[in-house]
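Chain order of the listed sequences is P and D.
For the first sequence, counting from 1, position 416 maps to 416 in the working numbering; every step adds exactly one.
In short: position in the second sequence from 1, add 1000, done, that's the working numbering.
Hints were generated in silico from the structure; no laboratory data involved.
We put the beta carbon where it would ideally sit given N, CA and C, even for glycine.
Certain hints may be false.
Claimed, not checked - Examples of chain P residues lying across from chain D (beta carbon under 10 Å, computed): (1) 106; (2) 375; (3) 376.
What the hints assert, rightly or not - If you want the ones that stay clear, here's a sample from chain P, every Cβ over 12 Å from chain D, calculated: (4) 75; (5) 254; (6) 387.
What the hints assert, rightly or not - A few chain D residues that don't get close to chain P, going by computed Cβ distances all over 12 Å: (7) 1114; (8) 1118; (9) 1363.
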Amino acid sequence: MALIRSGYPIMKHPIARWIRPSVLCVFGASLSTTFSTLSRAEDWTQFRGPRAIGVAPNASLPEKFDGQSGQNIGWKASIPGRSVGGVIVVGDQVITTSSDGMDQRRIRLLSYDSATGKQNWEQQWVARGRPYCHPTSANAAPTPASDGKHIFAFFSSNDLAAVDLEGNLVWYRSLASDFPKAGNDVGMSSSPVVVGGVVIVQVECQGDSFAIGLNAEDGTTVWKLDRPRKANWSSPTTVQLPNGKTAVILQSSEDLMAISPTDGQAFWRVPIACSTTSSAASESGKLIVPSGGLTALDLSSTGTPSELWKENKLNPNACSPVVMGDKVYVVNRTVLVCGDVFTGKVLWQLRLPDANQIWSSPVVAGNRLFLFSMEGACFVVALDGEQGAIVETNKLGDEVLGSPAISGNAMYVRGATSLWKITSQ
Amino acid sequence: MIKNPLYPSWKQHCFRAIVRAGTLAACLTMSAPVCMADVLSDQLSTLRSIQPGDEKGLQQAASIAKQLSSSKELSLIQVLSAMKGASPIGKNWLVGLANGLHRRSSATQTAELEKFLADKTQDGEARYTVFRWLTDNNEERKAQWLDEMLFDPSLEIRFDAVARALASSEEIDQARLTTLLDAARHPEQVAAVIARLGKAGVEVDEAKHFGFLTRWDFIGPFDNIGSKNFDKVYPVETDWTRNQLADSYEGKTGKVTWIEGTSEGPEKIVGLAKNGEEKGRTEKKEKGPDQGLVDLAKLFNNEKGCIVYGKTTVNVPSDVDCEIRVGCINAQKVWVNGELVIANEVYHTGMQIDQYAVPVRLKAGENRILIKVCQNEQKEAWAQQFTFQSRLCDSTGKAITLAP
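So that you can see chain D by itself, here it is in the shape it has in the complex (with noise of 0.2 Å):
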């Protein structure tokens, strides 16, 4: 009998059926760890990326949040790199996420994780994130690890750094006091350093190492009766972004002009005066080191419902991007080059250095800076500042550098 090709026997379509039966659960198997990579890819992507105010990505971040938290394919390690480059939204859904899987984790991922922090390319949130994993309850660790985070390029980390060895019980001297300078970024730990030094009889130039910008022309007062001037564009604004600003101007009571204000130190009580008689005694007062800070309410007679404008200039050798930092404790607009990039209407809220940070580009050769100090007609003790302090950094704190 003549075998007929298109009438297979039984026997073929057995095998045929097997066959097909083996590639299709191979591929099925093959693929499907492929497929769900790009999923979980996918999924963490859409994490990363999410923006404020978008209500439709939060709605689908919950869903996967939802979907992730019991992944059994996602791994640790894959969530805390996917915060390098995140949005800072996207990196707090990923570190969410990150605190779980580290729950469910076993002691063998110690291997991985301290891997992770070794990877200085890294997100430094997700490595900071990582280190108090690794050391909240192991301060021998934590402790020499610290010791060689002097320089991390996460400032957590180097914050940290800097607080153990400032923290330490043991005299610090002068050529670790001036590392510690030279890796410190925190203001407060800038400070407490260079207050350090000062004691070991080596002067450091505050305004100068962060950067602050002393040297004003100050104009006013102009009128903000009623606090409702903060977005009233006075002539002095307009003229000075068109580089013409004229010698006086019509100001609140009558006809202002420019004077000079230099920023100084913030005034300590130092102690009691000593005046003969136990009863009565002055408290002793002394300004402290340069820390950019003008007081406008000396200069300008504690004038109430006012508005003065500040003007200066610096000059960079080359192109910069940096940021420009402010402390006020007024309403305060800032424009550099005739862009504002500072606008507060908050009066009396508190004061910080750095309490306003934006990044900006400076050109090279001159820059101009105006700021715009706003003081309101309150009368609590605690609401009679009228002051500010800034100054010009890189991204990490780091004073730039001006040309001589």
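Isolated chain P (complex conformation) (with noise of 0.2 Å):
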């Protein structure tokens, strides 16, 4: 033990003994909080998870399952209101979003125990922004995104917060109030990410149409960018670079924008038409791109990506792709529809009978894809073999827009009014 010129050990020195209570204190104090601030391997912080990808590849999750008999369902919680955004874990909170009251203006922001589902706390805002939206939407769209210390909440209206992760407000802004030609009246659904401490948001639409990223401490503004003013749904995602710097990919019907996340500068640009509704990914030094179908861009290389194939059949239409390994997996309307990441040739199809309208971006846990309906109907898809085969279809009992989470061996599910913990254990 060290010692201090005194002579005493640090720990027996006179002035210890105000110390160490206080440093036991502080210590306590960080035992006693009650939420863990360290991420961990199993959250899924940010829409579509761990690298946007929607793949847990070291989860098992029960191939089958029932809303109504509560055959392999951990818990469900009714929340008031209605959300089609999708889930996020951090630690042991499940978080989800949730809209209500008149026109939708009241926002919410919950946070549920994952292993028992019950409510940890609840915090709510009234919309500033325009709260209005197609009837299958709602004003709670966005996923929620976190960067272990902090959780983000985004809605349709345009209201972005940041909370602790006891659920104190962090700060607050209405960025439909900094920018009052912000908005799109059949909704917005675009999911902030979070890189290096900076919070970005994709606001583009008629009006006012921009990417803003904010000071995840205090939600001042670290840059902005003008984006065409169009109506875009399609959220941001991250991408590491060959040189090492990891860059924001924006997509909008006019281009594809690597961008620099504490500045916003461009690293480089593609002037090709993606899809405004559903989001890239990347994988392997590949970024796959929903444009033209599927667009896959060579991210091996310094410098502007080239194209290495692109394929119309792979229509990921209103979902976003998943890329596990080999394989690209898009939903076109009702078809699965299977992809080799490498050429872009179409592998195998599968059609999914009885479902409407899909609307949640499947995802993949283990071998078996998951993927919900509009209606509440979850197909699970065998992905070892040679073709893809649906082994169960499960009735949720609740309408399903928003995408699932999967953290450990369990998957929540985002009911448009209640939340869903499906695991068999």
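Reconstruct the complex from the two isolated chains, following the hints.
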């Protein structure tokens, strides 16, 4: 034990009589914090989870479950209002949003205990931007995001708020008040990402249209980028460039850009028309872009990426593609299509019977793909054969438009009015 | 020995030291809560006044929120009360703080919250927040309270009260429906009550009740090919501003003159027409009650890539602060008495009543209104409508009184 000048060991020095209790108090306070501030490998902290590809390779989920009988339903929590956004998982918290009240102006951010489904906390605000949307949608449309320390909630009305892991307000901004022509009365749904201390959101519409990077600590503007004045519901995603830098991918009907999260400056721009609903995914040095069906760009070289392949039969329609290993999966209306991620060749197609509409992007756990129709039917597809095969069709009994989250061996699904945990454990 | 006052004894030293220490302690004890109250008041004041675009204020607010989140001196009622008169952004900072405090509050605070809710001078959003805290897990209490809150000054509370009344499975008598009509402010609820009154044999002039502007004169089409002329100032605009409109103007494809147009109700499908055969039956449609909708596509032969101007006047008995509210699926500009009050270059992203609402001041007597509606050239089936509706009402949504 180190000695200080007096000759006393530090912890036996008289001054330590008051230091020790203080240190213990601080340490104890840290321990007594209810929610962990440490990010875990099992966290699902944004739309489509880690690396935004919708895959939990080591997860094991039950193939069979039933919302009515409760088979393999860990818990169900009824939530006031409506949401079409996805769920995130941060530590032992399952986080979702909701909107209700007159014109869906009451916007909420809610946390539930992942083990019990009991509500931890709730935050709410009043929408200051335009809350209107298509009846299918909701003001609570974007999926929240987290950096492990804060949770960022974004809404179709362009209200954006940050809370700590105990639900205390850190900051709030009304982007629609800052930029009054920002809004789309059929709804907006682009989900935020957090990179290097910057929260990035796309607010693209016919009015004030922009992407903006905000300081995650206090919500102040770090950078703002004007964007095409056209409706765009796709979400930004992040990629690692060959030079080791992280870039944020912004897609629109006019182009695809990679920008720096720290200052919004473009690394490169590709003039291709991208989908304005389905979002890009990146895996193994490739950027899979919903453009002309799907277009794969080569990220392994520096500079503007070149096209590897384009395949219009791999049309993701409203859902975002899932990339796992050497395969990419898209949902073309009610058909699941599998393609080779290296060549774009269509490997197989699988019709999803009685699926009327599909808005929720699929997720993969192990070698099983889980896909929800709007009616709440979950198709479980085995991916380990030559051809995909439906092994189960489960009924949740709830409308599902948001994309699920997977954490541990559980899948969390945001139904329009309830939050579900699906697990066999 | 004579005691020299300049040199007090050690007893006097001690006595004076004790007195000074006690005085200091008393000052610190008494002044600390007073100082802290001032600090809290200043901090809440800063949050209350945050305005859009104020980056420095935002940074300050984040710092204050961090401090206040763990403050033991700050009370929930204090934060809720601070919402009165706060800016819209400020109110969201405060309600965010209030949610945290409420979570940590004890059950003994229920009485205080009920008192706050009962105080109708408090901010409406704050009161509705409290109402939800107190009733979200207590349906019986919610039902009982809402029955008494039909005319609450908070539009959110009133909305819930009317919604509950309308959702009742019991038959609602005419007197009650008339009360609900008087209470309702949300357009969907007003329309629902009017529909029920209609079924009960009581006809309500929906257009008059809402304050829709139903009579217009229109002129067009003017060119908007490529959607390029939203900001183009056609002579109609300048002449209208000077109140010197001509009878005709050079339009998109030649001379155009003013035509009368009146509003109508939405078209709805009410069944299939009987034509003697099961196969090929056409849809039977009928018009609903007049909701101020003007079908410009019908008036101007489905012209695409064009602009149409509409003008009307309203007479009010005295100066009045009100709102002009417009629903329009096309890009539009609106002027009132020469001043541009609405401008939205947005095409085909939905339409609803009260889609755009701005405060205006009407003067006693005649007031002039001009609307510019722009159609683009989209070919999708869902992008063919060329229509708008407009009304004048107070800030709660009640139609203003027009001069007879």
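Given as non-interface: residue 1118 of chain D, which should sit over 12 Å from chain P by C-beta: Per Cβ check, residue 1118 of chain D is outside 12 Å of chain P; nearest 21 Å; holds.
Non-interface label on residue 254 of chain P, tested against every C-beta of chain D at 12 Å: holds, 16 Å
Hey, does the residue 375 of chain P contact hint survive, CB to chain D under 10 Å? violated, 23 Å
Answer holds if the nearest beta-carbon of chain D is closer than 10 Å to that of residue 106 of chain P; otherwise answer violated. Constraint on residue 106 of chain P satisfied, holds at 8 Å.
For residue 1114 of chain D, which was marked as not at the interface, is the minimum beta-carbon distance to chain P over 12 Å? Its Cβ never comes within 12 Å of chain P, the nearest being 20 Å, so this holds.
With d taken as the least Cβ-Cβ distance between residue 1363 of chain D and chain P, does d exceed 12 Å? Per Cβ check, residue 1363 of chain D is outside 12 Å of chain P; nearest 27 Å; holds.
Beyond 12 Å from chain D, beta-carbon-wise, is residue 75 of chain P? holds, 18 Å
For the restraint on residue 376 of chain P, tell me whether the closest CB of chain D is nearer than 10 Å. Violated: closest Cβ of chain D sits about 24 Å from residue 376 of chain P, beyond 10 Å.
Is the claim that residue 387 of chain P lies outside the interface with chain D correct, judged by CB distances over 12 Å? Consistent with the label, residue 387 of chain P stays out of reach of chain D, its closest Cβ about 36 Å off (over 12 Å).
Hints 2, 3 from the list above are not met by this structure, while the remaining hints are.
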